[in-house]
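Novice: In order, the protein sequences belong to chains A and B. When we follow the working numbering, the leftmost residue of the first sequence carries the number 1, and every step to the right adds one. When we follow the working numbering, the leftmost residue of the second sequence carries the number 139, and every step to the right adds one.
Since the hints were derived computationally from the structure, they do not count as laboratory data. Be aware that a few hints might be false.
To be verified - Part of the chain B face toward chain A, derived, beta carbon under 8 angstroms:
| hint | residue |
| --- | --- |
| 1 | F147 |
| 2 | A148 |
| 3 | A189 |
| 4 | R196 |
| 5 | V217 |
| 6 | S218 |
What the hints assert, rightly or not - Stretches of chain A that chain B covers, calculated by requiring three or more beta carbons in the stretch to come under 8 angstroms of a beta carbon on chain B:
| hint | stretch |
| --- | --- |
| 7 | 9-21 |
| 8 | 33-44 |
| 9 | 59-72 |
| 10 | 105-115 |
Claimed, not checked - Estimated spans, in silico, between C-beta atoms of each pair:
| hint | chain 1 | residue 1 | chain 2 | residue 2 | range |
| --- | --- | --- | --- | --- | --- |
| 11 | A | R107 | B | G208 | 33 to 43 angstroms |
| 12 | A | E56 | B | R177 | 21 to 31 angstroms |
| 13 | A | P70 | B | D179 | 48 to 58 angstroms |
| 14 | B | A156 | A | P51 | 34 to 44 angstroms |
| 15 | B | A201 | A | F125 | 32 to 42 angstroms |
| 16 | B | G155 | A | V43 | 21 to 31 angstroms |
Beta carbons: idealized from backbone N, C-alpha and C, even for Gly.
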Amino acid sequence: MERLLTGPIEMEALAARVADPGAGAIVTFAGVTRNETDGREVVSLGYEAYPEMAEEKLAEIEAEALRRFPVRAVAVLHRLATLDVGEVSVGIAVSAAHRPAAFEACRFVIERIKHDVPIWKREIFADGTESWVHPGEC
Amino acid sequence: MSGLRVRLFAGARDAVGATEVELDLPAGATVADLLDRLRADHPAAADLISACRVAVEREFAEAGAALPPGAEVALIPPVSGG
Chain A
1 MERLLTGPIE MEALAARVAD PGAGAIVTFA GVTRNETDGR EVVSLGYEAY PEMAEEKLAE
61 IEAEALRRFP VRAVAVLHRL ATLDVGEVSV GIAVSAAHRP AAFEACRFVI ERIKHDVPIW
121 KREIFADGTE SWVHPGEC
Chain B
139 MSGLRVRLFA GARDAVGATE VELDLPAGAT VADLLDRLRA DHPAAADLIS ACRVAVEREF
199 AEAGAALPPG AEVALIPPVS GG
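Based on the provided sequences and hints, a complete structural model is requested.
Specialist: Printed below as a string of structure tokens:
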């Protein structure tokens, strides 16, 4: 199953992928393009990846979540495209028998994605300027 | 080694002006040596390069890690996915 796609992420379909009769809880997270950064108006975000490594890292993160938490299934999708405000860049769905693990695992997955997956966003501002987001760069 | 190819992404690609660079490094060169060389070749991008990690065969590599001939190497600027 590929985890990177260019088209829209369907969150209901993602949740359906992790559903199973033994799961009493399904938790989903959608990362959504926001309309501002540090007070500057953002009109869109452009996402790019080192695709071979990003696929591997997303798969590793799913597997790690399954090992660390009593969850039944984990599914992640990340979109690589230019996204308008309100569009979903990343979708995560986790199912578990009970909700505490589902919430924890979902949180774990998004935090890992934000630290270790080679995907980058470029902010496109209302004033026409653009810049890559590289947190912590001097 | 000769002809080490390093893939560049995002801000690093823009700063260097290429999707890939090819470098000749001494035998036994490490990830730290690679970063030193990239900073020397592209001084205007030195700060960004210093903030980058290096991936060897799609795994993050430590500063002292070797660069095997023919390995897939990439400069990974601070990520911002999710």
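Novice: The structure should be examined with respect to each hint, and the outcome stated for every one.
Specialist: Cross-check of the supplied hints:
| no. | hint | result |
| --- | --- | --- |
| 1 | F147 | holds (5 angstroms) |
| 2 | A148 | holds (4 angstroms) |
| 3 | A189 | holds (5 angstroms) |
| 4 | R196 | holds (4 angstroms) |
| 5 | V217 | holds (6 angstroms) |
| 6 | S218 | holds (4 angstroms) |
| 7 | 9-21 | violated (count 0) |
| 8 | 33-44 | violated (count 0) |
| 9 | 59-72 | violated (count 0) |
| 10 | 105-115 | holds (count 4) |
| 11 | A:R107 - B:G208: 33 to 43 angstroms | holds (39 angstroms) |
| 12 | A:E56 - B:R177: 21 to 31 angstroms | holds (28 angstroms) |
| 13 | A:P70 - B:D179: 48 to 58 angstroms | holds (50 angstroms) |
| 14 | B:A156 - A:P51: 34 to 44 angstroms | violated (18 angstroms) |
| 15 | B:A201 - A:F125: 32 to 42 angstroms | holds (35 angstroms) |
| 16 | B:G155 - A:V43: 21 to 31 angstroms | holds (26 angstroms) |
Checked against the numbered hints given earlier, this structure breaks hints 7, 8, 9, 14; the rest are met.
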